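Novice: As you go down the protein sequences, you meet chains B and A in turn.
When we follow the numbering used here, the leftmost residue of the first sequence carries the number 1, and every step to the right adds one.
When we follow the numbering used here, the leftmost residue of the second sequence carries the number 451, and every step to the right adds one.
Among the hints, erroneous ones may be present.
Said to hold, decoys possible - Stretches of chain A that chain B covers, calculated by requiring three or more beta carbons in the stretch to come under 8 angstroms of a beta carbon on chain B: (1) 460-469; (2) 480-490; (3) 516-527; (4) 534-548; (5) 569-581; (6) 585-595; (7) 601-612.
Quick caveat, the hints were computed from the structure, so don't treat them as lab data.
Quick caveat: nothing in here was measured; it's all calculated off a predicted structure.
Where a beta carbon is used, it is the ideal one built from N, C-alpha and C, also for glycine.
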Amino acid sequence: MSAPPSQAAPVTWADVNRDVIRTVGMPGERYFAWMCLVALTLAAGIAAWTWQIWVGMGAAGKRTPQMWAMYITTFVFWIGIGHAGTLISAILYLFRAKWRTSIYRGAEAMTVFAVMTAGLFPLIHAGRMWFAYWLLPYPNQRYLWPNFKSPLVWDVFAISTYLTISVVFFIVGLVPDVAALRDQATGVRKKIYAAISLGWEGSDAQWRHYRRAYGLFAALSTPLVLSVHSVVSFDFAMALVPGWHSTLFAPFFVDGAIFSGFAMVLILLLPMRYLFNWYAYITDKHLDAMAKLILVTSLVLTYFYACEVFTAWYSGDHFERASLFAKASKQYAWAYWLMYFCNSVVPMVLWLKKARTHVVTLYVVSIFVLTGMWFERFNIIVPGLGFDFYPYTWGTYYPTVTDTTIIIGSFAWFFILFLGFIRVMPSLSIVEVKEVLPHPMKHGAHGGHH
Amino acid sequence: MVTASVLGIFAHVDTTLQAIRDLRAKGFSDLTVYSPVPVEEIEEEVEKVRPLSKVRLFTVVGGLTGTATAFFLTIWSSLKWSLVTGGKDPVSIPPFIIIAFELTILFGGLATLLAILVLGRLPRLRPSPTYDPRFTVDRFGVAVACPADKAESVKALLSAAGAEEVRR
């Protein structure tokens, strides 16, 4: 990725429309080549899932004690990825952090698609996914007990609320931008965009309700995003398994989620900045800000890791200590130490100012962070269940071709959604980017937004 | 009374503001202001004569409906399926608070979406006659609904305020 071309003339409002609208439309051969690769990977994932449904859950390597294995690991991983998007679109909105404007649309799309990916895993994991509606606890005639005291039921509510609200927030944000797209499109595309834009015109009557509603969405999403991963963590923390039963889990999960989410934002936005030539919008300042957030969340995570170890030792509880000792020294030790290396050691390079704006460094750090965060969830679930109270039930989980292919396929599903999105929708917010540019003034220009 | 609508197209925030103030001073109050992005100065000027947006009312009613629904669903089903587990009362409020929280957000969010649609009169099936596609790029518009015989004076007023283009 080459150095950014220097921007001589200041960006005008019309430039923003032009620069965003040119990214939408018929893509080139290279795009289709990537799309084919992703589609093939997805097809492999679907084939593996079909196989699993055909032969049963044994194909996924599920046997006691690890009835939760890589599927739940990947489920938690994808839910976590979504968090950075909501942090950027809601929390940073409430803090009026101007730098969010040029990254929030991409990040929000990432959130929606990541949650849509995560949502597949309970279905895949449950096996007979055509009974998925059994997860919804409503009074019924099927002798199913709606147990509202179960953390898994809380999770159903948390995830479905999170998905719904993220989608709504995302679409509401898109409406004025799609209107801009509509006004420059022709033919059938104009009709489609007109329908999606709901006939938005930007009149004062529309804006005043829109703006207020947008603020309220941000206010609703902020506690929601913090609650979602807390509730996901309760799936573990409410159980008595050594290493899981801890009050530390909620903040520990939320922080890790934001940490991995920002890494994914960088992985998606750095190539987009290069391919769409958006150097004027996604500047070094943005990279620096995101890198700093990764650094901070990494430090917080390291603190939680230290707390986890300390608590296990200080509790004096034999099983807590034994579980931790087994994680760090038995067959899964490599995964345990890899997690520390990726999450606590590698991001320390971001203390250097130069590294925070160096594209390749950021990319490599982000890949390490994603790897580390996937293994963090693996370390909680697989060795956690592998070394329980009772040595008789100890066991090792071996991944199979089926479950590995399904997990790789889930990445393809995510990327197919994202790649599709960036070619049909504005992946940079036209309205919000314009809002922070200096407003056009005839007499005595005064700079930008206050 | 025959009404006419006159549209002035502006390139700048300050000229748009000037036009709104001048029109108000002359007693024209039926204005529609188009802008590509929400601008605080224009909003302040327009909001002066309007009550606060009712969106928040939708949100709070939606949110509270969610809370009530959640407590109703959880408590009522627990009474119907009154299984005692772990020696706990079937109706245990603390775990139900989590459901109530999630449904508060869910219903509150959906009600807010409804508010945008209902209050903002969306979806709009046909563009308004005074709409111009430049309003999503970088131009502002002030549309005035006035008696037909006043149209000429409104036109003059808009031009004087600095409109690039004025049309009926």
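Novice: Hints first: check each against the structure and report whether it holds.
Specialist: Evaluated hints:
With 5 residues having a beta carbon nearer than 8 angstroms to a beta carbon of chain B, the stretch 460-469 of chain A meets the requirement of three or more and the stated coverage holds. A count of 10 residues in the stretch 480-490 of chain A with a Cβ less than 8 angstroms from any Cβ of chain B is obtained; the coverage claim is therefore met, three being the minimum. Coverage of a stretch by a chain is defined here by at least three residues with a beta carbon nearer than 8 angstroms to that chain's beta carbons; for the stretch 516-527 of chain A and chain B the count is 4, and the condition holds. Given a C-beta distance limit of less than 8 angstroms, the hint that chain B covers the stretch 534-548 of chain A holds, as 6 residues qualify and 3 suffice.
Counting residues of the stretch 569-581 of chain A whose beta-carbon sits less than 8 angstroms from any beta-carbon of chain B gives 11, enough to reach three: the coverage restraint holds. Proximity of the stretch 585-595 of chain A to chain B, defined as three or more residues with a beta carbon under 8 angstroms from a beta carbon of that chain, is established by the 4 residues found. Counting residues of the stretch 601-612 of chain A whose C-beta sits closer than 8 angstroms to any C-beta of chain B gives 1, which falls short of three, so the coverage hint is violated.
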